[in-house]
Structure formats: C-alpha cells, structure tokens
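**Student:** These are the residues of each chain, in order.
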Amino acid sequence: MSGERVREFVTDARSHQLSGDLDRYLTAAGRVVFGDRTGVMIWLGVVLVLGLGWRVGFFITDTYPIANAVANLADGRLAMQSADFQYSLTLGTQPGLHRYDGAYYARNYGAVAAAVPILWLLEAFSFVAAPRLVLAAAWSLGVLLLCGELARRLDQPALRVVGGVVAVVAVLGAAVFATELGQSQLALAALQLSTLFAAGLAAVLCYRLASALHGRRVGVVAGIGLALATPIGFWATIPKRHVLVTALVFASVYAFTRSRQLSGRRGDLSLATAYGMLGLVAWVHAFEGFFLTVSLFVVDVLTEPRKGKRRMAVVAGVFGLSLLPMVVTNVLISGNPLLPPRLLPNVGPGGVELAPDGPSDAGGGDSGAGGSNSGSGSDGTGASGGGVVDGFVQLLSPLLGLFTFAELVFSELLFIGNYALETVTDGLRVSQEADRLWNVFVRRGYYEYSGRLAVNDFEVIDLTVLESTPVVGTLVALPAVLVVWLRDGVGSLGRLSPGRQSDLLVVTYVGVLTLVYLPRLPLFSQLTVRYLLPAIALLAYCVVRVPIVRAAIDDAPRLLTTVYAGTVVLGTILFVVVLGGLDPGLGEAVQAHALVNLAAATVLGLTVTVGTIAPSRIPSRVVAAALAAAGGVTTSYVFLASLEYFGYGQYAFDLVRVVARYVWIL
Amino acid sequence: MVTVGRLELGVISVVLVTLIVTSPVVGILDVTERNPTTVGDGTATASVEQFDTDALTIDRGRFGTRVMYLRIPEATVAVTDVRGRPRIVYRIRVPELGVDTTSTELLTGAGATNVRLGPRDRGLDPAVVSDENYHGIVTVRVQSFEQDRTVYETNETIEVDK
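Protein chains in written order, with numbering that gives the first Met the number 0: chain A, 0 to 665; chain B, 0 to 161.
Next up, chain A with everything else stripped away, as it sits in the complex (with noise of 0.2 Å):
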C-alpha cells in the first residue's frame, strides 16, 4: 500500500518535473524568438490585423506547386507523381514544377517545410471541429488575450470588455456565415498561414532590431510599422517566398547586430545565428541566401578582421547546420547536394528567376549529369577490369568517390562563382539606366512589359517602391543625414559603433539584393515590386535610424497614433466614397493610391530633408503627422487590396465576407 503511494508519489513528481522543463523550454525558446512579451503580443497582433484579408485560394499561379509540395511532404512524399496533385489551375498545368528522374518536384523547399507543421496542426484540429471555426475560435482567443495584455499594459480595464465582445461576436458571428472550408484547403491554407506567420515575426525582429539600438517605444513604432506600412502586409497571406525571406534577414541583420553588442559565447552565437539565417534563406532561395551570405562575409570581416579561434568555429559550426536542410533536400531530389530544384528541368509556362538558364546551357544541369555519371562510370571499371589493378582500385574507390564529390562541389561552387559575377555585373550595367530606375523606384503607371501587358487584361496593378512603401520618402533626406554625419566624423571601418556596423549590413543587403534583380525588373505582376520586398523592408526599417524621426516618435507618439488610425479610417472611407464616385476600373483604382500614396511620400521627405538641415524650422509634431500619413495611406492600400481590388478565393473569416460586401468601389 505505502509501496504503491511511494510510486505515486514520484511519478507525480517526474510529470511535474517534466511539465516544469517543458515549461522553462517553451519560456526559453519563447524568449529566442520573441525577445520579450511585447514581442509576442506584436507578433500576435499583426497576425490577427492581417489575418482579417485572409482569403484562402491562389492569388499568383506559382503558388500551386508550393501548396502540392506541402499536402505531398506532410504526407511524407518529397517525389510527387501526377496522381499526387491537389490542386491544379486547369488540368495539369502548374508554373514553377520541376522534373527530375521521372518525378515531380516543387521548389523553396524551406518555404514548403514551414507549412508541414503547421498542415498538421490543423488536420489534427479540424478531426474534431469543423475546420472553418477552428480558424474563428483561434482568432477569438488570440484577441481575448491580447486585448487583456493591452489592457493591462495601457491601464485601460475597458479594453478587456472590448475584446471580450470582439472575440464572441466573431466567433458567433463565424458560426451564423459559415461556409465550407473543405479538407482538400487545408494544405493551401497552412501555407497561407505559414507566410503569415512570418509576417508577425519579420516585425517581431524589426522591433527587436529597432529595440536593440533606440529602446522600445521607437522599436514598437519600427515593428508594428513593418507588417502595416509596407507591402509586407500586402504579401502576409499570399504565400509567395518572399516575406518568409524577409523574416530571416531581419532575424540575419538582428542577431549581427546583437553580435556586436554582447560579448563572449552570447555574442560568437549571435554572429553564428547571423550566418545560419541565411543558410535558412538558401533553403528557400539558394541562390539569395547565396548573395546574402557573401555580403555579409564581407561585412563582417570588413568590421571586425580579427575573430577568436572559438567564435569563427562556432560561426562555422552554426552555418554548416544550417545549410543542412537544403543539401539533405537537394541530395534526396537529385543527389547533388548544390543543385536546388530550382535548377532542374521546369515542366510546363512560367520562367524562373534569379536563377542560371534552363540546364541544357552547360552549368548546373551539366554538373548534375556528371554526377550520376561518373557514378556509373566506376561500376564499370570495376566489373571490366581485373588482377591487381582491379584491386588497387576497388581500395582507393571511396577516396576516388570522395575525390569525384570535391570535384563536383568544387565545379558547382565555380558555376556558382560565374553566375554571381555575371548577375552583379548585369546589375551594375543596367543601375545606369535611369529610365528603368524611375519605373521600378518612383512612378511607373503605364509602362509597355515589352508587350506583356495582356497578361493582366491591360489592368496596371504594379506599384513602384515608392508607391507602395511611401514611408521610404523618409530616406530622400539621406544625403542631408549623411553630410551631418559626415560632419560630426566617421572614424574608421573597423571601429564603428554595433549600430553604424548594422547600418552597413543593412545597406550592403539592400545593395545586393537590389542589384541582383534590377535587371529583371520592372516585370509585370510585381504589384509591388515583390522580388524587392526583403530590400524594401530594410529601407523602411532604415527610416528610423534618421535621427528626427527617431525624435518625432520619441516626442509625439499620441500624435503618431492619432495621425495613424485618422489616415487609416478617414482615408479609407475617402477612397471608398470618392473611387466609388468614380467608378473606376481596377488599374485606375490601384494607380489612384499610387498617385496618393506618392504625394505622401513626398510630402514626408521634404519634412524629413528640411527637419535635417535645419531642425529648428520643422518640430517633431509635423514630421510624427507626415511619417504618420504617409505609413496610413499604405494601411489603407493594403486593406482595400484585399478588401476589394484583388478577388480570389474565399475570406479565411466568413464575417469579412460580409462585412467586404458593401465595399463597393470598382
């Protein structure tokens, strides 16, 4: 009797151990990633916001391989046969498939992988509720606390009631409009949700990254500002790479900077995390996480020359890993660890960019072939050949494969090596030609696509960097913030405060990754520059390292707010009723809040530029109202956006449904 309770006893005291751990990681792991509980609630906020534009369906075509990919993977099947497509735009045609021995594979496996779990999840979910509640039920839940975590922050017990009311009219709200989310969605819509995610956590890093140098008020304005006042907000839920690539270079410049803040083994794992993003990034873009790494080899070297024999092995150690993911799925697709799927033979329309031509043109595909066939190749010497240099062989045959595979890799890293010559060449060439820098910076509007016009019905959707990111009017006044940093001295390279040595990473990615698609752009269907979109992020991160902004959130925050929500309300019921007026066709609708947009933008970089140069003529309260306008029009566009100018599937939220049926503007 006492025997037994003695067991009991200690059973009850391992599960509470085990909880107790289990809880202390959760905490800890929590604590990497967020940073603190403003992290998560901006995180959780963000997610909400944008989750309300949620439309569950395709909004660009290359997305159907993707969602396949990730049905398929969780599934447990990396090669797809044609029986194993979900979905499908008409009969068979998927742009952005490749072939590779016979089976069918996707590509920006990393982007594919962040949706397995999350698929998972909501399988297991939807086994006992109907799928399209679990989606409301999570939303309620996650205003509930979070409006309880905002009461308590602000003191405003209110809230609390506020949120209470919000989370049951939207959960009722759910059960009364319901409509069908059928299982064969939940794949697409775990991928949808993965990029979502990413969203939130681009701007948890950005105001982590913020934070870090100018404390939290300016990083919460930073973050927050990222996901709503830039196209990241446009991209949350349509699943395309590129803000998942977004979330990983501010994780990139966020832990580099952390780098040169911190000292000793917190510090070497800071840099080490710097790399290992971007070995993540490779995993979904191996060709970006390719130029982001040597930019930020150079960088980093540049700044800080001589490292510790421990912090280059932990530097080395980490990036190795975190290049594993990406060489395990190249080896599983085609067995050669740097050839990504990207480069294999594409099935059916569709080009693929920033990437070496198709494989019959020598490079990656060329490698790929040799590897299969030198393989083939030392079967044969081995069944043909005989007596003692048989034997001699058979004994140098795994140092000949190890021989063979440097080979291989080292062809591979020379390809690589040409590649990225000639791309950044092709960059700095056509960075001259001022036409097509005004067209993929500052206006575009009409613009002839070489013709390609037609594949959006004559409809000009595609904004420029400007016209979809105003709040970078902010950096027209670099070169005013450059002459007064100029003037009160530089100092060397290698000495540069951890905030000036971030400002450089920032720049050289921006540069880069600029550089590297200028030549493909404008394109038509960019909407808003989209290859553009980690680059366009930095820069808006950038604008509050101009010091009067900085000022202007510091001195007038009530101000900013005020400003925000007004433009944000107040614009969008303006665009609603006077576009409605109008009566516009879709292209005119979207070049209308490019025109808006672009005025905000300038009106935010005189201030900015002028606040600068004399800072005595311009108070904080006119540039907080100019950053405030200027980052609310770009709100505006990205809910009407989804609200009403881009139609495709059904919302995730069934009462958005409703509510989007009385905007009526085209």
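Among the clues, some could well be false.
[Stated by the list, open to error] Quick look at which bits of chain B chain A covers, simulated, 3 or more residues with Cβ under 8 Å:
(1) 3–9
(2) 12–25
(3) 55–68
(4) 116–122
Just so you know, these hints were derived from the structure itself, not from any lab.
Cβ atoms here follow ideal geometry from the backbone N, Cα and C, with glycine treated the same way.
Start from chain A and add chain B according to the hints.
**Tutor:** Below, chain B alone, put in the same frame as chain A:
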C-alpha cells in the same frame, strides 16, 4: 457582480461551446449547410429594374493608366420567388474586341430582393481600339442546374470617347 475575469471565462466558454456544437463529430449543427457557395438546383423570378445603357462606353483610363477602358454599368435586378440555389448571371460581349465577361450572384434567401451586379470595367489595349464605335450584347439570366433562362437581352452600340 460580474467581474471582467468572469466575463473572459464566459467568452472562452462561448468559443468552446460553439466549437463543440458545430463539430462534425458531435453532429448537432451543420453550420456550413446554410451558407452554400456554389450554384445548385432551383429557380427564381427576375427582372432588370435598372440598367443605364448610356453608361456603356469606351474611354481612356485615368490616373496615368493610359489604357482604354470598356465601362460596364451595373444592373439592378429584382428577384422574387427564389427556390433552391439558382444564380443571376450578367454577361457582356463585345466580339470585335474579344471581350466576353460575366458577373454572377448566388441567390440563397427566399424573400424578394434587389441584386446589384456587374462585371468590373474592362481594360483594353489602346492599340487595338481604333473604331468609332463597337457592337455589344448584354444578357441577364437566371441559371441553375435545372434551367438557364434569359430574362434580359439588349444589343448596344458602344461609343468610343478617345
């Protein structure tokens, strides 16, 4: 006295109860059945109440778009006697310009109602629009798996305003 904490517990209970009641495993209430999204069997009586044929024109895009636009006016259709899940289809064709576009509205409620629908204005290649006017056909139909009935048809001359 109801505290805020209790209120929050109440909200959580509402969420959980809703999940349970609507769960396909429990099978008390199939909420999605009442909100169909696809056309099925059924009929309806429909007539076009309002349709401004003068607004059907072709003109140049504004806000720097510089393409041409076929401006498609919306129609207000009065619907009565809805049975099942039919839908209203508004279709406009301009054969010379290769335009054939539709807008549909699923009818689910049983009562009399006015449905407002119309395809979006349609962008056109400015190089292709060369004539003074074009010929267009607008039809409004009630469609279901059972029937496909045209309730309105008009042939219009569409003026081009360059």
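**Student:** Determine for every hint whether it applies to the structure shown.
**Tutor:** Against the structure, the hints:
no. : hint    : result
1   : 3–9     : holds (count 4)
2   : 12–25   : holds (count 11)
3   : 55–68   : holds (count 9)
4   : 116–122 : holds (count 4)
In summary, this structure violates none of the numbered hints.
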